[in-house]
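4 protein chains.
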Amino acid sequence: MVQMMKNVIIVGATGFGGLGLIEILLRHPGFRIKQIIARKDSGRTISEIFPHLAGFCDMKVSAPEEIDYSGIDLAFFSTPDRAGMTMINDFYYKHIPVIDFSGDFRFGNIDDYGVYARNKGIDELHLSPEVLESAVYGLPEKFSERIKKAKVVGNPGCFAIGIILGLLPAVEAGIINCETIICDGKSGVSGAGKNSGEANLYPQRHENINTYREGRHQHLVEIENVLNAAGNKKHGILFVPQVIPLNRGILSTIYADPEPGYDTKKLQELYSDYYKGKPFVLISGRSPNSSDVRGSNRCEIMPAVDSRTGKMFIVSVIDNLMKGQSGNAVQNANLMFGYDETTALKMPGFYP
Amino acid sequence: MVQMMKNVIIVGATGFGGLGLIEILLRHPGFRIKQIIARKDSGRTISEIFPHLAGFCDMKVSAPEEIDYSGIDLAFFSTPDRAGMTMINDFYYKHIPVIDFSGDFRFGNIDDYGVYARNKGIDELHLSPEVLESAVYGLPEKFSERIKKAKVVGNPGCFAIGIILGLLPAVEAGIINCETIICDGKSGVSGAGKNSGEANLYPQRHENINTYREGRHQHLVEIENVLNAAGNKKHGILFVPQVIPLNRGILSTIYADPEPGYDTKKLQELYSDYYKGKPFVLISGRSPNSSDVRGSNRCEIMPAVDSRTGKMFIVSVIDNLMKGQSGNAVQNANLMFGYDETTALKMPGFYP
Amino acid sequence: MVQMMKNVIIVGATGFGGLGLIEILLRHPGFRIKQIIARKDSGRTISEIFPHLAGFCDMKVSAPEEIDYSGIDLAFFSTPDRAGMTMINDFYYKHIPVIDFSGDFRFGNIDDYGVYARNKGIDELHLSPEVLESAVYGLPEKFSERIKKAKVVGNPGCFAIGIILGLLPAVEAGIINCETIICDGKSGVSGAGKNSGEANLYPQRHENINTYREGRHQHLVEIENVLNAAGNKKHGILFVPQVIPLNRGILSTIYADPEPGYDTKKLQELYSDYYKGKPFVLISGRSPNSSDVRGSNRCEIMPAVDSRTGKMFIVSVIDNLMKGQSGNAVQNANLMFGYDETTALKMPGFYP
Amino acid sequence: MVQMMKNVIIVGATGFGGLGLIEILLRHPGFRIKQIIARKDSGRTISEIFPHLAGFCDMKVSAPEEIDYSGIDLAFFSTPDRAGMTMINDFYYKHIPVIDFSGDFRFGNIDDYGVYARNKGIDELHLSPEVLESAVYGLPEKFSERIKKAKVVGNPGCFAIGIILGLLPAVEAGIINCETIICDGKSGVSGAGKNSGEANLYPQRHENINTYREGRHQHLVEIENVLNAAGNKKHGILFVPQVIPLNRGILSTIYADPEPGYDTKKLQELYSDYYKGKPFVLISGRSPNSSDVRGSNRCEIMPAVDSRTGKMFIVSVIDNLMKGQSGNAVQNANLMFGYDETTALKMPGFYP
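Chains as they are written, first to last, in our numbering: chain A, 1 to 352; chain B, 1 to 352; chain C, 1 to 352; chain D, 1 to 352.
These are computed hints drawn from the structure, not numbers from a lab. Values in this document were obtained by computation on a predicted structure and should not be read as measured data. Mixed in with the good hints, there may be bad ones.
Intra- or inter-copy, both count: the list cannot distinguish identical chains.
Heads up, simulated DSBU-like pairs for lysine-lysine below, C-alpha to C-alpha not over 30 Å straight-line [stated by the list, open to error]:
(1) Lys-234 <-> Lys-266
(2) Lys-120 <-> Lys-266
(3) Lys-265 <-> Lys-234
(4) Lys-266 <-> Lys-194
(5) Lys-266 <-> Lys-60
(6) Lys-278 <-> Lys-346
(7) Lys-40 <-> Lys-60
Whenever a hint applies, use it, and build me the whole structure from the sequences.
Okay, here's the thing in structure tokens:
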């Protein structure tokens, strides 16, 4: 950490993603927030919008037109889908690396983006296809070498990151013996963002759990892409997402058939070996609780085989706003700038 | 409903199960609560324990030694496992029918009880094996004829009822084309009861989801028993239960392979036909919300086939304290005494 | 109850207020819902909007233009402030009685309405001043005789009803010995309604309590009006409202100085005497819990004197959507049509 | 911070208080946890008990008999009332300073302790009266000079700290013009601790608010003691505590009469001046939210005068487990060892 402080800009700074970045970067010795951008809130200070930041970060929020590119070393885009798609071009052609939180740059080609967009119900025409080609999927546990050199990083979807980390060791080892892998995902409400509409009002989300977009959630494409590129076999994913009355946290329960000979012990060894040296993945022999990773960048995974039925099941928990979003983005940024991967992220969750 | 009022006794009246019975029976035109029993709270009135009952039910709670059998037409036991096992004998031999909420009388033989008890971590020696033989599993949608004549009804487990109702049509039609059916269950905290210990304190359950007893939950035995007796094929169940920060409600997501030719439309028709005339099952084409059945005796089921992977998945929601417990028990009682099955249960949930 | 069924129309039927009416009227033997009106949701069925009503109420929602006045005996308006102000004229001049949930008809003169409107930040010009003059404040415990003959009833604000009921006996007895009465109110989130904006999203309301509109909440006017008309002394109210992470429920803690000689026992007697025969007020010697009245039309009140300081304090709890809104409205309707005041409202809360 | 690392022992390490200390001390550059003690959990590692600590703190929990006094510079006691009363003697006579979280050492004499104990319903005989005499009340904003030299610090009660900080400037300025000050307190459930019994189970605390120990909460004594010693006038406190369905956080609303001439502006100036240079008190002109201080050591205070009634009201928020407990204790420890008062505590809360 003998490098100079690097200057970052956060575009879309006043949503939960931008806020998460600010909270983490305030304790980061290698990054300095130089400008924060959000059209809707421009002119106010960030601590008017998030009063808990008062005294810690009282920067003014600027409009996109006021972006000052000079001296910027890194741009974070925590804008909604398509909102930053063309703005990112400007940074790209000015050779300023970008980490984007939306689905805009998670795919290597416009076809996959099209499926993503149709699943999410948004316009499927990509406006920066040339940037798309050089974008890197921001999963540090798998693509750290590419991320280190990346110009545009597509930070993964929150559900995607927990599910991919839960499956990578088994998929790469080729020990999944079935066509379809079942992913049953449960997410807290903050995943829907700060302006997520009346369906997410307190009275309508408390005391409620429901499934939604069963089999056609937008994170499906990236999950299948990464897994099928990683392993030798092709697997389809049936993903049924659910919202539960939790603020933060995702727990995914994943079901598949293992090759013969795999029991819980052998599976745990495989997983522990795979993630050896990965500071943010914890392979566990006890049932994971989402509260054990709340506020931390950790993904805790319990792989197991049910002796009665022979099925394997994997339980994976993350904090959707940390490892599922801002924490993972800072981990990517650390890699891109040669900082220790855990800088500003090495702290336990927050309990109770 | 020209019958005389029937007198009931509730043993274990001061837990959530007993309370649920009281709330329902207060509006039932055919049953009168004659005595309420609970060792721990004896001597107090029920409205001291549950103040919302003040003015509606202010009966004194009596100790088990004070049970007065005279004139009792029906006994509800909402006691914990094994607590009522021998007391129920007394009612049985006095020819007073019993509906029991525990697992004590859900099985036709002591071996199944043994597996149940081992899964739950309790003593596996059954103390009333002779009564066990004549006990009926209290699932009215399947066993109404037997329930009408039953002397002892084992009211099903809350997870079991949602899962069995979600699978019965497909299992009986023989259209499940795989050995293992995957049941991913999510329950609110009230399922653990009123004295469920420090793991269920507010600070430790809010903002948390976790799996537990994966593949070895005590409701597995009754689920497999009922389904395998109903269909021509044998299926094993992999059941992974989860607790979520909800008070009431269970949502189960069930995964299996269908026989070729089954799509969502055909599956929905099969389910709608199967439950025609069943007043408490609603087959739905929209994603069920647990809040849609909160406070009601309804089980809402969405059966579907994922066109991408060909898997079938079924989503089932109940209120664990109503259709999953007291509501179902009163439905059984209605059948046993010739009342309309829906008496005192025909009301929508409670929203928001 | 030998009367014919009366036909009601609900205008603004798809908010929480309208829903509450539907849930209650479904079990009311004397009212039949003839039409439900809501501009935004017109053309859909009510059970598409509130799926828990499926099978219980599947009426189509109509637009205001489609209102059919023929055969209507009573109109409920659960519209936002000012939305029904002129529509109510039409009913008024057709001699159809109206119960309105907004603040539009809670005041006997345009000046008070003006203060109300300024506190709430809405236009202060009243559009139906002539109707205002004949409107009755819908507090059945105080104005039942006027309500029975009323043509337009202004159903009270939710905070107002709990506070007024908590203070009436002391104010009328003239035993409050201070100029200013302090009312510290805490409300669940549903009070803000079904479309209450991003401040009430789950992530932003869970784990949060805050004060708001301290000393200038819009319910202040009606509280001071009713109390100062009831007693011989003039009291000012300092009302500090707070939102807590609760769905339903209001607990108000009220502080004042009593005349010498009043201790808890004497105060409880005064309150018990005052509310003798009032079916929905329970004077209690134990600390009230909002959960004891959840889902019921009850207001539970604990009056007390602190022996150390000599202050009196009164704790009052209601369900803001029941006694604080729809339940109270049906109680008014019962009075207006000669039904027993408790018809369709005589049930305990719902616990846990 | 050129001092050597200091060694601390935590007695009662496995409750929420001990956990809070561990979370903070893990990031403290001047303190090292040398031993953690808890009878109930001895023999296990702390990360078995709190799995989110895995990899961050995996120390073994020892029994009280295993306490190793050698090289210990400071002892934290986060034991329940009376559990550490005599053990603290041992540290005291070995000249090891102690910070105690219970009420045992918050009072300068046994009479006050007696009132405290009676209010709390515990034995009122103090077992270490000689230590009591030299104990210092651990409120750094008021007693920093005494704390720096203290041998035993009684860390304040959580409600007490928010209320005292909210009143000190006005009381010391002598501008409160009434005998009784009204304190309406609302607390989250974690204040009751990790083993707080069935009244605090999730189903029984969700969707509920209630008052308790009105006028006789155990924190009354310390509040009146500190305030009456600080000002020239004597004030009595009427304190009505309430529990709300929140995990962390206390909001207190305080009501009093100001001397003539005080409006909101003048009051805010008084408060801002008083707390100038106090790093953890923020005087605010906006309505405080408990979520703005969640996870931080900040106390945010809004003082105001209601222009209609002339009353003053003060809103104060803290995180009951931080400024209300562990955070404040570390702030005391920083003072005692000459560290910057904010060491390990200078971070914003955690949102959403």
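State the violated hints by number, sorted upward, taking the hints as numbered earlier in the document. The structure breaks only hint 4.
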